[in-house]
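Okay, here's what each chain looks like letter by letter:
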Amino acid sequence: MFAMMVRFENVGMRYGAGPEVLRDVTFTLEAGSFTFLTGLSGAGKTTLLRLINMTQPPSRGLVTLFGRDLSITKRSEFPALRRRIGVVFQDFRLLDHLSAFDNVALPLMLAGRRQAAYAQDVEELLTWVGLGDRMRALPTTLSGGEQQRIAIARAVVARPDLLIADEPTGNVDAEIGQRLIRLFAELNRLGTTVLIATHDRALIEGARAREMRLVDGRLVELRAAR
Amino acid sequence: MGRGGGPSAILPRDKGAAPLDVVIAVMAFLAALALGASLIAERAALGWRAGLADRLTVQILPPATGAPAGAMDREMAAALGVLRSTPGIARAEALSEGQTLSLVKPWLGSDALVAELPLPRLIDAGVAPGADVDLAALRARLNRAAPHSLLDDHGRWIGRLKGLADGVVWSAYAILILIAVATAAAVSFATRAGLQAHHEIVELLHQMGAHSSFIARAFERHYFISALSASTVGTALAAIVFLTAGGLEAAGVEAVPFLPPLALKPLEIPWLFAVPAASAAIALATARLSVLAALRRIY
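Respectively, the protein sequence lines represent chains A and B. So the first sequence is numbered by numbering that gives the first Met the number 0: it starts at 0 and just counts up by one. So the second sequence is numbered by numbering that gives the first Met the number 0: it starts at 0 and just counts up by one.
Calculated directly from the structure, the hints in this document are not laboratory data. Just so we're clear, the structure is a prediction, and the values are computed from it rather than from any experiment. Some hints here could point you the wrong way.
Under 8 angstroms between C-beta atoms, here's a sample of chain A residues computed to sit facing chain B [to be verified]:
hint	residue
1	Pro-78
2	Ala-79
3	Arg-82
4	Val-86
5	Gln-89
6	Leu-94
7	His-96
8	Leu-105
9	Pro-106
10	Arg-178
11	Leu-182
Glycine residues also receive a C-beta, built at the ideal position from the N, C-alpha and C atoms.
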């Protein structure tokens with residue numbers, strides 16, 4: 000385990016010839032930390048998460064992940080790094096032709112694990128997020144909240160070193176939201192570094208965690224972990 | 000994927016597969032026809048060569064008008080004598096007049112006028128297996144004993160038939176290569192279209208840490224199964240064509256006079272199923288290479 004899971008140094012990001020979405024962003028996520036990333040819509044939260052997930056390179060600055068400087072890391076090494084990250088996408092990105100069970104099992108399959116070895120873990124996790132009776136259901140037959148829970152279960156099933164979530168409680172009621180946060184907290188207790196981008200003030204106030212806020216593409220440290 | 004599965008289950012089966020299936024089925028049908036034609040040509044060439052290679056024919060041409068009666072019979076007997084005394088000639092038999100007439104019957108018919116024609120007399124001789132007969136010396140001896148004799152070793156015919164059969168076989172091979180190239184091009188095009196159609200899935204898998212080879216495996220299995228099933232249908236249709244031709248031949252229907260029947264023997268039919276095997280292998284390799292090349296460009 001590295002002491003620093005993620006480090007941004009003077010990172011700037013612009014799309015094409017447009018304005019900078021992120022400006023001189025500098026921060027560190029320590030191993031085992033739990034952090035909220037807040038900011039208004041369009042503040043650059045999703046872009047920052049995409050840079051962490053290596054979906055795109057920064058326009059300038061240095062991104063270090065698991066102790067590796069991404070600017071000099073070979074592209075062929077990216078898949079192995081990405082498999083150490085669990086991602087909850089804002090738009091879920093479930094595979095509509097696969098059942099809830101198969102969607103959740105996807106990271107384990109990508110890691111080369113056999114179904115017999117992971118079936119019980121997947122079933123237990125789906126039960127934990129309240130979908131024990133919908134394992135065979137296709138995503139298109141589920142509500143937005145249920146799809147979101149599948150997306151979260153998929154992100155955490157492989158117990159990643161780093162979990163990044165983009166508005167993970169945006170489509171669920173308060174009770175389910177708190178339940179999902181407890182899931183993240185439990186994962187964090189087991190050693191996973193967690194970064195959650197959210198608007199949900201109730202969620203942030205209820206957790207004793209660090210908060211970083213993006214304002215016009217610049218990062219402001221609002222609150223250290225309590 | 001049901002509950003758990005391989006990379007192949009990552010892609011839905013339904014998106015845009017039907018046109019490619021039709022193209023591959025038609026390609027396989029044409030390839031199986033070409034392969035069947037090459038098998039027929041090779042078999043026919045072997046048959047022609049086996050039938051003519053060890054045989055000699057001596058013609059005694061009718062002498063000019065006014066020649067003494069019985070001259071042809073004397074030359075016939077002299078030629079038979081020469082042949083039978085030649086080392087390496089296993090047998091030599093004169094064809095009767097009736098046998099000679101039956102040979103020209105397909106071309107000239109069998110009415111009374113034909114019987115009046117000055118037809119040559121024929122001797123059918125066989126060379127002993129492995130024997131090396133000096134044809135030039137034999138021809139000289141025959142001409143001395145029977146001045147109106149002509150020796151034909153069928154070399155010219157065998158050469159032409161072999162050339163015809165070789166032409167058919169090589170043309171079939173060329174067609175097979177063209178079809179293989181066309182199949183690879185169609186699969187490559189379809190794979191790129193498939194990548195477009197499934198780009199959200201491909202992007203998600205990449206973001207989740209899938210290696211390009213995992214995604215390529217998903218596509219190659221997808222197109223392998225697609226090509227195998229479609230080309231099996233095309234090949235089965237070609238097999239039905241050849242079996243139907245065989246049935247017509249058995250019923251006495253001659254497709255093209257003097258050419259071998261366009262039918263495959265039952266033991267030759269399984270050879271046709273090399274076509275779906277090759278087609279599936281081409282689809283698999285093409286899909287893999289196309290996906291890996293495309294992913295290298297995109298990611």
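Which of the listed hints are not met by the structure? 5, 10 and 11
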